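Assemble the whole structure, with the sequences as input and the hints as a guide.
There are 2 protein chains.
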Amino acid sequence: MSKVLAIITGSSKGFGKAIAEEIVKGNPNKNQLIDLVLFARSLDGLKSTKESVETISTNAKVIDLQSLDMSNIPDVELKFKSVLENIKWEEYSKICFFNNHGTLYHLGRIEDFSDYKNIQKDNDINTTSFVVTTSLLVKKLKELGSQYSPEVTIINSSSLCAIKAFPTWSLYCSSRAYRDMFFQSLSLEYKSNDKFKVLNYSLGILDTDMQNQVREECSEEDKSFYVGLKNDGKLINPNRSASICTNLVYSNKFETGSHLDYYDLDK
Amino acid sequence: MSKVLAIITGSSKGFGKAIAEEIVKGNPNKNQLIDLVLFARSLDGLKSTKESVETISTNAKVIDLQSLDMSNIPDVELKFKSVLENIKWEEYSKICFFNNHGTLYHLGRIEDFSDYKNIQKDNDINTTSFVVTTSLLVKKLKELGSQYSPEVTIINSSSLCAIKAFPTWSLYCSSRAYRDMFFQSLSLEYKSNDKFKVLNYSLGILDTDMQNQVREECSEEDKSFYVGLKNDGKLINPNRSASICTNLVYSNKFETGSHLDYYDLDK
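Those protein sequence lines, which keep their order, are chains A and B. Sequential numbering of the first sequence, starting at 1, is according to the numbering used here. Sequential numbering of the second sequence, starting at 1, is according to the numbering used here.
Keep in mind that the hints were calculated from the coordinates and are not lab data. All of these numbers come straight from a predicted model, not from anything done at the bench. Worth double-checking, as some hints may not be accurate.
Note: identical chains are not told apart, hence a pair may lie in one copy or across any two.
[To be verified] Think about it this way: if two alpha-carbon atoms lie no more than 25 angstroms apart in a straight line, the pair counts; the simulated BS3-like pairs of lysine-lysine are:
{"id": "1", "residue 1": "LYS139", "residue 2": "LYS223"}
{"id": "2", "residue 1": "LYS3", "residue 2": "LYS121"}
{"id": "3", "residue 1": "LYS79", "residue 2": "LYS121"}
{"id": "4", "residue 1": "LYS191", "residue 2": "LYS117"}
{"id": "5", "residue 1": "LYS191", "residue 2": "LYS140"}
{"id": "6", "residue 1": "LYS223", "residue 2": "LYS142"}
{"id": "7", "residue 1": "LYS30", "residue 2": "LYS50"}
{"id": "8", "residue 1": "LYS139", "residue 2": "LYS47"}
{"id": "9", "residue 1": "LYS191", "residue 2": "LYS223"}
{"id": "10", "residue 1": "LYS88", "residue 2": "LYS164"}
{"id": "11", "residue 1": "LYS139", "residue 2": "LYS117"}
{"id": "12", "residue 1": "LYS81", "residue 2": "LYS121"}
As structure tokens, this is what we get:
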């Protein structure tokens, strides 16, 4: 049986780390080997993910991990491409790319924005680098030719914010709308290839570092809601949401290009 | 009767120029003075818009025109802010901001992208500068204080692509989804202020330079459709679409934050 390859951005912590763990735990083919390629800014974080993943199963191996700053677009192109060059693609029958990285940025009313330089940087992280990494992967697959036809699943870590606007969340909502739409177009470009599927997976409100930031930076009106979620134990464990996502990826039972939400799936 | 102020980006040609003309032609208060502030890259284009507008009515006056490269974010901040500083706001009872500029960029399949540097630049034009200009305007209005309460309408030149994905149009669709979502959030931030309205106006397929580019760069599958639109006279005159838009702005009869489409309105 040939191997699974999982490429995961933003995998030093939070949902990305949980995906790395759950793609290993959740494989219904217990003897199948899984190789992982991890990207994030923090090399230490990536090493900790590697250790965790390889402890879960001896079938799992992190074959590459790369510190990468997604705000540096020329660097993203260079490093991501070079990692893809080194992969032995013929060894894999299933390829999953979790385009998961992103930042929560600039919570607040639009009239109170001031740091436009950082808004530009965060747009590069949340949208431009998302385009570049996706594009480099599908370019590479095209280059490998039509004889090579693994099952390919490409997953965007999405949010309710991609389809519903909220006051003070304008930039987050907008970048998530961008990513969902980009993946919808991608799915249409591969509509005739039933081995190529694209998913916008809305994670739910997770108990991760991002929620610390939300509780600190959100508007006064929102504070009791988000603090309440934490105090009442309503935040979702990232591994729980990740396992719902990896189940989808293994079962492959979803319509390509769709936006699916954790809250609708975990019943 | 105090004056109307119309600020229009991308107003050297195409829909932006048509908006400048129609906001003057369409004013139901025939004696009201209208001041315009125009932005675009081409200074010559802006001068031609100025001439056209001031020929239409002696009530219309272009009080400022600025050559501005929307891909240069620090410059956008500096120049846009400085133009806003020079406006005599107390003279106006109605302010319309048409955030209209944008590019059509990189038609083609995602697997064929290569020029990531220009994708980054075009994201700056289509999304980041859109955020910066919107934010600077609403910041300025906030700064003027609550005694100053003109009718404010903020309009995004939107597209069907903002709400529907198309293959080979991924970047255009994504940036339009971003802009629509940003304006939906903006509308929610001003929900309690019934003098402040936000509109995502979908222009329709216009007979402008952009359609020349579409006919040249679109996929082979799309070519007969777009060439057909041109040859069969189905492309919309930009002034026709602009007049539908300016009628909405003057009548003010639309729900803030909504996405309205030319094809549904011109009956």
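Structure-based check of all given hints:
1. LYS139 x LYS223: For LYS139 and LYS223, only the inter-copy Cα distance (24 angstroms) is at most 25 angstroms; the intra-copy one is 44 angstroms.
2. LYS3 x LYS121: neither (37 angstroms within a copy, 38 angstroms between copies)
3. LYS79 x LYS121: The answer is both: 18 angstroms in one copy and 20 angstroms across copies each meet 25 angstroms.
4. LYS191 x LYS117: neither (38 angstroms within a copy, 28 angstroms between copies)
5. LYS191 x LYS140: within (18 angstroms within a copy, 47 angstroms between copies)
6. LYS223 x LYS142: between (47 angstroms within a copy, 24 angstroms between copies)
7. LYS30 x LYS50: within (19 angstroms within a copy, 71 angstroms between copies)
8. LYS139 x LYS47: neither (28 angstroms within a copy, 44 angstroms between copies)
9. LYS191 x LYS223: Between copies only: 19 angstroms across chains, 43 angstroms inside a chain, cut-off 25 angstroms.
10. LYS88 x LYS164: Neither. Shortest intra-copy (40 angstroms) and inter-copy (37 angstroms) distances fail the 25 angstroms Cα cut-off.
11. LYS139 x LYS117: between (31 angstroms within a copy, 17 angstroms between copies)
12. LYS81 x LYS121: Result: close both inside a copy and across copies, 21 angstroms intra and 20 angstroms inter.
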